Each structure stands twice: as structure tokens, then as C-alpha cells.
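Take the sequences, apply the hints, and build the full model.
Residues per chain, in single letters:
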Amino acid sequence: MTAQAELEREETETMTVREAIREALREELARDEDVYIMGEDVGAFGGVLEVTGDLYEEFGEERVRDTPIAEAGYVGAATGAAATGTRPVIELMFSDFIGVSMEQIMNQMAKMRYMFGGKTEIPVTVRATEGGGMGAASQHSGTVHAWISHFPGLKAVAPGTAAAAKGLTKAAIRSNDPVFVFENKMIYEQQGDVPTDEDYIVPIGEAAVEREGEDVTVVATQRLVGESLDVADRLAGDVSVEVIDPRSLYPLDTETIAESLRKTGRMVVADETPLSYGTHAEIITRAQEEAFFSLDAPIQRVGTPDTHMPFSTPLEQEVLPDGEGVENAIRRIT
Amino acid sequence: MANYTLDTEDGRLEALRRMLTIREFDTKAGEYFADGEIPGFVHLYIGEEAVGVGTCAALEPDDYITSTHRGHGHCIAKGLDTKLMMAELFGKRSGYCNGKGGSMHIADVDAGMLGANGIVGAGPPLATGAALSIDYQDRDQVALAFLGDGAVAQGQVHEAVNMASTWNLPAVFLVENNKYGEATPVEKQHNVKQLSDTAQAYDIPGVTVDGMDVTAVTEAVEEARKRARAGDGPTMIEAETYRYNGHYEGDEQNYRDEEEVAQWKERDAIESFKERLIDRGELTEAEFEELQAEVEDEIADAVEYAQNSDLPEPEEAYEDMFSEPVPEVEQFASRLRTDGGSSGGDSR
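Quick mapping for you: the protein sequence lines, in order, are chains A and B. Every position in the first sequence, counted from 1, becomes a number in my numbering once 93 is added. Every position in the second sequence, counted from 1, becomes a number in my numbering once 9 is added.
The hints are simulated quantities; they were obtained by calculation from the structure and are not laboratory data. All values reported here derive from a predicted model rather than from experimental measurement. A few of these clues could be false.
To be verified - One-sided excerpt, in silico: chain A residues whose CB lies under 7 Å from chain B:
#1 Ala-163
#2 Ala-170
#3 Gly-178
#4 Met-199
#5 Asn-200
#6 Gln-201
#7 Gly-211
To be verified - Pulled from the structure, derived: some chain B residues nowhere near chain A, Cβ distances all over 10 Å:
#8 Gly-39
#9 Gly-45
#10 Asp-260
#11 Ile-287
#12 Val-335
Glycine included, C-beta positions come from ideal geometry on N, C-alpha and C.
The following block contains the structure:
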């Protein structure tokens, strides 16, 4: 089912990605008393990214808890708390700060359940914002979801639409596994139709066909979903473009991608992570494993060309993958 | 009710039994490691028994602990089953972690044991988190982190203690100062005279106790537990102790001399506690011998249980990753079931 068909079955309201995430948080806080939010300035201040907003007024300081600037400490505490009966939702602010807390993520959060023979659950959600485009320079613009998707024991989702932002955030909070929600900072103001049903979730591991097409498949994530849909509009009548948002990076819905490739025979993968050893490589590998004999052209990659995100606008615009890059990639193979 | 408490004669005998059990367990663990029957690494707790036992005697059964790479003693003190522990060391399916954890990762969350840990200093943030759950749900428990002297230098330990004290959480940080962080003496790793002095940075009590005296340890932890439950926040306790063996089995120990080891052994925690109980008329030499024989039987049974237990089946490698399994991992299990043999991670 396409994303549009999915939404047509639901009561929806138009809202931004930021509002959709806040709504997901609000609904889950109201639904389950064991759920609480922790992070830097998420309380009365409303969050540096203005996502938690007024939740502090509604739920109080115990449930929307400000932490010290101590990422390893509070990510570790959230892991310990998740192992002992509560369900913390961490806002890690910029995904670059995952570096500061990586030990607790990779050696504790990701490994505890497995090392302990499955005898504990770690129901923790980690939200972090990714991406360049606002001149935040290298330490506040990274796109690092390949690290987390690569690391066994963690699940990773990355919404490209407001509906997915709400549905994935809720699925993450309800999951008994550690789930990272990667929010691209350039699409917080992007609007979309969002189901109002309080039990609307996007199951982790299900991709969405955002637009159907016949000639080429674009697998795009986060900001590049919207930009690829714009490209598809522009090329309509010339090239028929199918756009898929994987939504979930790990687990990854290989079948939806492979099925599309069997139909179109051509594929572009657009994702803001650096090109080498990353998200693109994984999606392409799986696609060719499943649909090699349907391929009519080499699969193309659009991503960050293995640099950090530079500060100055012309430099940043040079390396930031965008719709133009997607269009060029489509032109190369159609 | 506590498992055992040093306030009663039965409790004191139980504490002695557990100290003996730890020593016997780790003696055998060392032997079977040397024989090659136990794979990986083992870090033995021999010499430090009074710390684990004195601590857990002051805790309630549903209190949480986080442990270290040197965790066997904490497990036994907390009441874990030596059979399931030994089976885990032997890599058997019947072990606490179904053979997935081994010596450095024994855990039993239901018994309040949140895991031995192979990363120095990683336990305190987890304990702060457990204390947060307790506080959030208003439960009558505390969370105690065991950490070594080496861990006090770790940044994440500072973050954990700072958060627990700032949030007034029911946590206790128990530093086992066994004088060496791996092979480097404690004074070459820290600038403070006593590691408990670091508590001043958090405005929480910091006390140093004789870790070779089970009673002294228990009294300090009782006080810390009371304080935590009263809502007055965490305490840092430094227990000065000594490991008789190397950092790990096979450690050549060129960083210390035999005389130093001998001096600490003269203050042996089990010997001195035993003498004290005999002096008080609560134990005779014959009763001690009997206790020792019982403990040796228990550990012999544990070894036998471990040796007779099954190894895991290869497909069990693909279990326990997630609460909700993922096809990325499941495909290997199903392939093993249909094709047999080792798949070794080839993706098709």
C-alpha cells in the first residue's frame, strides 16, 4: 500500500514534523505513566530544537526532566532505568553528541539483552537531530545514522514525512528494544497530513512507497524524501519516478525496495550520510541480492562526499546532497 | 527482609559461609581456567570477599547492584546460584546468560544483579538509572554500584555520581580500592589521598572503611542505605582491600612483590571474621571445618553441573538480540534450520 493510500484511511490533521513528534510524545506520556523524557533543556526551556515545547507545563519536571550536560551519564542512566522498569525517552539534541555517549550505547544499551541471554528488556528511545543546511558547522550537522544502524542490538528509524515522524516516534516508545529516532533538522517545519488516531503507529521495519512510478526507483531518506518527490513532480511526463521512504533503517524493509526495483529496473539511493561504507551501500547490496536480474543500469548514490559539514554557505551547499543531485542521478540512468 | 544480616548469629554464619563460597568458587574457577575448560578471561575476587558480602548483607533482596569485571563475589554475595554461575563460566546453555555472557557478564536482573561489566566505570551510570526508576516509581529499594579504584578516574563515573547527587537519588557508590588499577598502583592514577575524598565534589558523604573487615563494610552500607531511603541521596564508600591474585588469571604481577601480598594475607578477611566468631562463642573450629566442607561440596556440585550441562546449539547465537526479532538476524537461524552446518555470516 502506498503512503497516500495508508493516510486516506485515517482521520488526519495537517501539522509540521516538529508538531507531529511533539504530538507523539504527548500521546505516549499520557498513555503510559512509565514513559518520561530526559535531555538537556527539554523542560521549561522547551528544547533547543523546540520539539518538547510545552510538554513540561503539561506533565511536570519528573516526566520532562532536564539533565546535566552529561551525555554518557544520562544515556547510561536511561539504559539502567530501562532495564529496571521504566521507559525513558532521551533527547540527545545533536546526533554528533552520540560520540560523547557512545560507550554506553555500544557496550551497554546495545549488548545487555544479548549478553544476558535475553533476560532483560531495554525499552529506551533516543531522539537526535541530524543534518546540514543551517550553517551549524561540523560538530552540529552530522548525519550518523549509519553507525547506529550498523551496530547490532540497536534499531534505527529516520522519518521523511510528518506522518512517519509521529508514527515512528510512537512505535519507538512502545518498543521494548532500544530505538534511535533520527530527525533531520531541516524538515522540522515541513508540513504533512498526520493521523490523529492515538494508536496510529508506523511499524518499525516497514518502508512506504511515497509515490508510485514505472521508470526508476528513488530510495530516499529524511529531507531527501520531500526533495525527491519534488524531482518526481518536475520530471512527470518525462520520467516516471517511484519514491520510497524506508522510514526504518534497521531493520530495513528490503522487500518493498526489491519489489520496486523488479518493476523499474533502475535505482537511486539518496541519503545524507557520507558515501563510503554506509547506508547507500547497505540498501544497494540488499537490492541487488534480491533483484539483480531486474537491473537495467548501475545503481546510483547521492550522499555527502566523505567530508564533514563545512560552515560557510557555498561550501555547505557544495557537499550537501539535494534534489538536484537526485535529478542528475536519475538522468544518468534513464 | 535481608538475605542475611550481621545483626544475628545465623546471619553472621551465613556471611562467613558466603565469603568461603566466594573463595572456593574463584579458586575452582582459576583451576578450570588454567586447565582450559573455562574459556576467555577470568578476574578473581579472592582476598576481597568481605567487601561484597559486607555490602550485600546490608542490602535488601530486591535492591539492585551493578558489578564489575571482577564480579563473581558480588553475585554470590547477592545470592545468585553457584551452579548457574559456574555453568555460565563454562559457556553452557544452563548458565545465567545461556552461555552468551561468561565470567564478565553474569547477570540476573530478577535477583537485582544488573550485570558484571567488562567496561571499567560503566556500571555507575546504570546504577544511577536504576535509582532513577526506583525514585520515579516510588519503590522501597536502593541501587548500589560496585566500582574499582581504577573506575574512579573514568569520566562517566563522575557524570553518574553528579547526576545521582543532584537528583537526590537512592544510590550508593561502593569503591573497591584493591590498590591496583590493572597493573598500575592507585597513587599513580589519582591525585587524592583517599578515593572517598572525591565525594566532596558532589556534596555527599564519602567514607573510607577497612575492606578486610566485613562488619565495618556492612555498617557503612547500612548507613548509606538508610540515608538513600530517607531521601537524602547517595553516599560514596571506599573499601580498602586487596586482590590476592593478579588482575586476570595469567597476570605475571611484576608490579608488586610477594612481601606486600603476604602482608595483606595476614589480615585475611575470612580468617579474622572466623576468629571473631570463635571468640564470641558462635563458632567452633570443628563447625568451621564442617562449613568449609559444605562449601567445597557446593562448588564441586556446581562444577559437576557445569561440566554435565549442554553447550548451546549454534542457532542459539541468533536468539536474544531483540525483544522483537529482526529479519536481518532471523535469516541466519532459519538457514541453519534448513541447510544445517555453519553459515558464518555469508549473506546469501
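To see whether the hints hold, each was checked on the structure:
Checking Ala-163/A against chain B by beta carbon gives a least distance of about 4 Å; that is within 7 Å, so the hint holds. The beta carbon of Ala-170/A comes within 4 Å of a beta carbon in chain B, closer than 7 Å, and the hint placing it at the interface holds. Below 7 Å, beta-carbon pairs count as interface contacts, and Gly-178/A has one with chain B at about 5 Å; its hint therefore holds. At its closest, the beta carbon of Met-199/A sits 10 Å from a beta carbon of chain B; the interface hint therefore is violated under the 7 Å criterion.
For Asn-200/A, the shortest C-beta to C-beta distance to chain B is roughly 5 Å, which falls under 7 Å, so the interface hint holds. A least Cβ separation of about 6 Å between Gln-201/A and chain B falls short of the 7 Å threshold, and the interface hint therefore holds. With its C-beta approaching chain B no nearer than about 3 Å, Gly-211/A sits inside the 7 Å limit, and its interface hint holds. Here Gly-39/B stays apart from chain A, with its beta-carbon at least about 23 Å from theirs, past the 10 Å limit.
Listed as outside the interface, Gly-45/B is consistent with that label: its C-beta sits roughly 23 Å from the nearest C-beta of chain A, beyond the 10 Å cut-off. Under the 10 Å C-beta cut-off, the non-interface status given to Asp-260/B relative to chain A holds; the minimum distance is some 23 Å. With a closest Cβ-Cβ approach of about 41 Å to chain A, Ile-287/B is found to remain outside the 10 Å limit, as its non-interface label requires. A beta-carbon of chain A comes within 10 Å of the beta-carbon of Val-335/B; the shortest separation is about 4 Å.
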